[in-house]
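Peer 1: Read off the chains here:
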Amino acid sequence: GQSLEQPSEVTAVEGAIVQINCTYQTSGFYGLSWYQQHDGGAPTFLSYNALDGLEETGRFSSFLSRSDSYGYLLLQELQMKDSASYFCANAGMDSSYKLIFGSGTRLLVRP
Amino acid sequence: DVKVTQSSRYLVKRTGEKVFLECVQDMDHENMFWYRQDPGLGLRLIYFSYDVKMKEKGDIPEGYSVSREKKERFSLILESASTNQTSMYLCASSFPPSDEAFFGQGTRLTVV
Chain A
1 GQSLEQPSEV TAVEGAIVQI NCTYQTSGFY GLSWYQQHDG GAPTFLSYNA
51 LDGLEETGRF SSFLSRSDSY GYLLLQELQM KDSASYFCAN AGMDSSYKLI
101 FGSGTRLLVR P
Chain B
1 DVKVTQSSRY LVKRTGEKVF LECVQDMDHE NMFWYRQDPG LGLRLIYFSY
51 DVKMKEKGDI PEGYSVSREK KERFSLILES ASTNQTSMYL CASSFPPSDE
101 AFFGQGTRLT VV
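First to last, the sequence lines map onto chains A and B.
Take 1 as the starting number for the first sequence in the working numbering and just add one per residue.
Take 1 as the starting number for the second sequence in the working numbering and just add one per residue.
Calculated from the structure, these hints are not laboratory results.
Some chain A residues flagged as far from chain B (calculated, every beta-carbon gap over 10 Å):
no.	residue
1	15
2	52
3	55
4	56
5	111
Computed footprint of chain A on chain B, listed as stretches where at least three residues anywhere in the stretch have a Cβ under 8 Å from a Cβ of chain A:
no.	region
6	27-39
7	48-60
8	88-97
By construction, the Cβ of each residue, glycine as well, lies at the ideal position given by its N, Cα and C atoms.
Working from the sequences, and respecting the hints, build out all of it.
Peer 2: Right, here's the structure in full:
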């Protein structure tokens, strides 16, 4: 089976840096992806790590360590609009890229 | 522009009704998914389809069935709606091996 664990809530100040962690247990593993969802909106894709290490996309970076079954999303120079829920996800080897999501982390950015 | 369209944004149905939720994607994607989203529980996979007429159960398939007769359309069926199926339902599609899934806007279903 597959499970992905995330903290339920994180609070940070505008302009700061915040890290959202994800630990996983899967029967197979292709890579870890991250999605953002604003209240009332649909999830949107942010990033994907197939290999160990850091991937950077603007203010957002994502990290993966396969040996530790662990990844994180790093958000820098936080803005109010970053207040949203963030989900890690994995398409395990159970079948053809069946995408399973973590329970999500709600990020609240304060002024 | 990539698009996944769900037939209804809001639905109210009565207990025991058969309910159809429709999803259409215009990207020629192989994979389509139905998720259910409840507060604090994230996105839970109900059913997954990797090709026309092919389907796999997700984590919470009980009380649901699906149909994929054409590549672009994936339907979720509640055989006999119950109040505990009141939820937000999200459809998504992806093109393997990419992990990038595209979501519809969701259908908020209320069963009374």
